[in-house]
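Under this note's numbering, residues 78 to 230 are what the sequence shown spells out, in order.
Don't read these hints as lab results, they were simulated from the structure. Check before you lean on any hint, since a few could be wrong.
Listed next, with one range per pair, are the computed distances between beta-carbon atoms [unchecked claim]:
| hint | residue 1 | residue 2 | range |
| --- | --- | --- | --- |
| 1 | S223 | K167 | 16 to 24 angstroms |
| 2 | E228 | K186 | 29 to 37 angstroms |
| 3 | E228 | S181 | 39 to 47 angstroms |
| 4 | M96 | P125 | 52 to 60 angstroms |
| 5 | S175 | V95 | 32 to 40 angstroms |
| 6 | M106 | S226 | 30 to 38 angstroms |
| 7 | S154 | A98 | 16 to 24 angstroms |
| 8 | M96 | E120 | 33 to 41 angstroms |
| 9 | F107 | K186 | 13 to 21 angstroms |
| 10 | I170 | T114 | 25 to 33 angstroms |
| 11 | F214 | K186 | 18 to 26 angstroms |
| 12 | I179 | E120 | 18 to 26 angstroms |
| 13 | S79 | A119 | 55 to 63 angstroms |
Since the structure is predicted, the reported quantities are computational estimates derived from the model, not experimental observations. C-beta: ideal position from N, C-alpha, C; glycine also.
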Amino acid sequence: MSKKKLAKVLGIVSSILVMVAMISFTVSMFTITKTLTASLFAEGAEEPFQLNITEDPTTGVLNGVARLKVSGRGFMSTNVSATLKILDAKGNILFSGSNYTIVSPGEIKYLTMKFSLSRVDFRMLRGKITLGFRTFFNLVGIEFSSEISGEGG
78 MSKKKLAKVL GIVSSILVMV AMISFTVSMF TITKTLTASL FAEGAEEPFQ
128 LNITEDPTTG VLNGVARLKV SGRGFMSTNV SATLKILDAK GNILFSGSNY
178 TIVSPGEIKY LTMKFSLSRV DFRMLRGKIT LGFRTFFNLV GIEFSSEISG
228 EGG
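Turn these sequences into a full structure, and let the hints guide you.
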């Protein structure tokens, strides 16, 4: 094979690879966007993010459950991860936990984290949640964080 033919074949192959990469990226971002919006901004009777905290009056222990409803949309499965940190007013980490799930298009799953905190004033707590949405072999994704402050934070 001559150098010109080899160069032409390599040019065609590289152009095809670039097109496949662009299509894969576009489909991945479409899937992530649809899953993110369906999970976090869904309208309905059930809130997508729920935090339930109860206090044991005898021991003062706070028991909590954080739950995120994840709705798969788009064309690919999406790896959804969540990390929750609870801090006191001084910034000390009282709880740190994470969980993940893989959700397919049309599927609904829940990310759940349970925690227990002893002898703390609920109003002085701060929280930080980080959510990640990844697809296409975990190569394409988006991650964002949000902080919640109590009265003393």
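Now for the hints, and whether the structure bears them out:
no. : hint                              : in the structure
1   : S223 <-> K167: 16 to 24 angstroms : holds, 21 angstroms
2   : E228 <-> K186: 29 to 37 angstroms : holds, 34 angstroms
3   : E228 <-> S181: 39 to 47 angstroms : holds, 41 angstroms
4   : M96 <-> P125: 52 to 60 angstroms  : violated, 36 angstroms
5   : S175 <-> V95: 32 to 40 angstroms  : holds, 36 angstroms
6   : M106 <-> S226: 30 to 38 angstroms : holds, 32 angstroms
7   : S154 <-> A98: 16 to 24 angstroms  : holds, 19 angstroms
8   : M96 <-> E120: 33 to 41 angstroms  : holds, 37 angstroms
9   : F107 <-> K186: 13 to 21 angstroms : holds, 20 angstroms
10  : I170 <-> T114: 25 to 33 angstroms : holds, 31 angstroms
11  : F214 <-> K186: 18 to 26 angstroms : holds, 20 angstroms
12  : I179 <-> E120: 18 to 26 angstroms : holds, 25 angstroms
13  : S79 <-> A119: 55 to 63 angstroms  : holds, 59 angstroms
Violated hints amount to a single one, hint 4; each of the other numbered hints is respected by the structure.
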